[in-house]
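Numbered by our numbering, the letters in the sequence shown go through residues 1 to 155 in order.
Source of the hints: derived by calculation from the structure; they are not laboratory data. Honestly, I wouldn't trust all of these hints.
Think about it this way: if two alpha-carbon atoms lie no more than 30 Å apart in a straight line, the pair counts; the simulated DSSO-like pairs of lysine-lysine are [said to hold, decoys possible]: (1) LYS72 / LYS149; (2) LYS50 / LYS72; (3) LYS50 / LYS123; (4) LYS134 / LYS50; (5) LYS75 / LYS50; (6) LYS50 / LYS19; (7) LYS52 / LYS75; (8) LYS123 / LYS134; (9) LYS154 / LYS134; (10) LYS52 / LYS123; (11) LYS69 / LYS50; (12) LYS52 / LYS69; (13) LYS19 / LYS123; (14) LYS149 / LYS69; (15) LYS149 / LYS134; (16) LYS77 / LYS50; (17) LYS123 / LYS75; (18) LYS76 / LYS123; (19) LYS52 / LYS19; (20) LYS72 / LYS52; (21) LYS76 / LYS50; (22) LYS77 / LYS123.
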Amino acid sequence: MGVISAVEGHVRALLTGLKYLVTKPRITILYPEQAEELPQGYRGMPVYHKDKCISCSLCANICPANAMKMVKIGKKKYPSINYNRCIFCGFCVDICPAGALEYSPVHDYASYNLEELEFSPEKFAEGPPEPPFKPEILRIETDEEVGLKYVHPKS
1 MGVISAVEGH
11 VRALLTGLKY
21 LVTKPRITIL
31 YPEQAEELPQ
41 GYRGMPVYHK
51 DKCISCSLCA
61 NICPANAMKM
71 VKIGKKKYPS
81 INYNRCIFCG
91 FCVDICPAGA
101 LEYSPVHDYA
111 SYNLEELEFS
121 PEKFAEGPPE
131 PPFKPEILRI
141 ETDEEVGLKY
151 VHPKS
């Protein structure tokens, strides 16, 4: 009896997978032409405002991935960031007493070499690069019959 019920469970699981394979709508989106709507408070690439920075070094000290380093320019030190190391934890944004760091919606910047992911204080102050085009934004909703589905958000 135990073997038969185990086989039944496996067959049911395979049939469920097959059902979702051949039926629409699928949960897959056409990335990068389409993108999910980001929730409020989403932690994307940090944005740096050099004019607000007080050179306290708290952002570099708290970074668990050692992605931020302080670079001396003139008499002050300013943060640089290595996005190859950044884990988007948001500790740097949360600890900044002057509000010089904030979250951006950009999270999927890519490059062909690792050096392009190292931002000097000047490049960091320019903000994350804009995507080459604006994707169609979709929101996930729950549907009783099909499960999850993507819909266009109401403006």
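Here's how the hints hold up against the structure:
1. For a cut-off of 30 Å, the pair hint linking LYS72 to LYS149 is broken: about 50 Å separates their Cα positions.
2. Taking the CA atoms of LYS50 and LYS72, the gap is near 13 Å; set against the 30 Å cutoff, the hint holds.
3. Annotation: proposed proximity of LYS50 to LYS123 holds, straight-line Cα distance about 10 Å (limit 30 Å).
4. For the proposed pair LYS134 and LYS50, the alpha carbon gap of about 27 Å is at most 30 Å, so the pair holds.
5. Under the criterion of a C-alpha separation no larger than 30 Å, the hint pairing LYS75 with LYS50 is consistent with the structure, at around 14 Å.
6. Under the criterion of a C-alpha separation no larger than 30 Å, the hint pairing LYS50 with LYS19 is inconsistent with the structure, at around 54 Å.
7. Simply put, LYS52 and LYS75 have alpha-carbon atoms about 16 Å apart, close enough for the 30 Å limit, and the pair holds.
8. For a cut-off of 30 Å, the pair hint linking LYS123 to LYS134 stands: about 22 Å separates their Cα positions.
9. A hinted pair counts as satisfied when its Cα atoms are at most 30 Å apart, and LYS154 with LYS134 qualifies at roughly 17 Å.
10. Under the criterion of a C-alpha separation no larger than 30 Å, the hint pairing LYS52 with LYS123 is consistent with the structure, at around 16 Å.
11. A threshold of 30 Å between alpha carbons decides the hint, and for LYS69 with LYS50 the separation of about 14 Å falls inside it, so the pair holds.
12. Between the alpha carbons of LYS52 and LYS69 the distance comes to roughly 17 Å, so the proposed pair stays at or under 30 Å and holds.
13. Between LYS19 and LYS123 the CA atoms are separated by roughly 49 Å; this puts the pair beyond 30 Å, and the hint is violated.
14. For the given pair, LYS149 sits about 42 Å from LYS69 by alpha-carbon distance, which is inconsistent with the 30 Å threshold.
15. The straight-line distance between the Cα atoms of LYS149 and LYS134 is roughly 21 Å, inside the 30 Å bound, and the hint therefore holds.
16. Of the pairs offered as hints, the one joining LYS77 and LYS50 holds, with about 11 Å between alpha carbons and a cut-off of 30 Å not exceeded.
17. Our distance criterion of 30 Å between C-alpha atoms is met by LYS123 and LYS75, whose separation comes to about 19 Å.
18. Distance check on the hinted pair: LYS76 and LYS123 sit about 17 Å apart at the alpha-carbon level, within 30 Å; holds.
19. A hinted pair counts as satisfied when its Cα atoms are at most 30 Å apart, and LYS52 with LYS19 does not qualify at roughly 55 Å.
20. For the hint pairing LYS72 with LYS52, the CA-to-CA distance comes to about 16 Å; that is within 30 Å, so the pair holds.
21. With a C-alpha separation of about 11 Å, the suggested pair LYS76 and LYS50 falls inside the 30 Å cut-off, and the hint holds.
22. For a cut-off of 30 Å, the pair hint linking LYS77 to LYS123 stands: about 15 Å separates their Cα positions.
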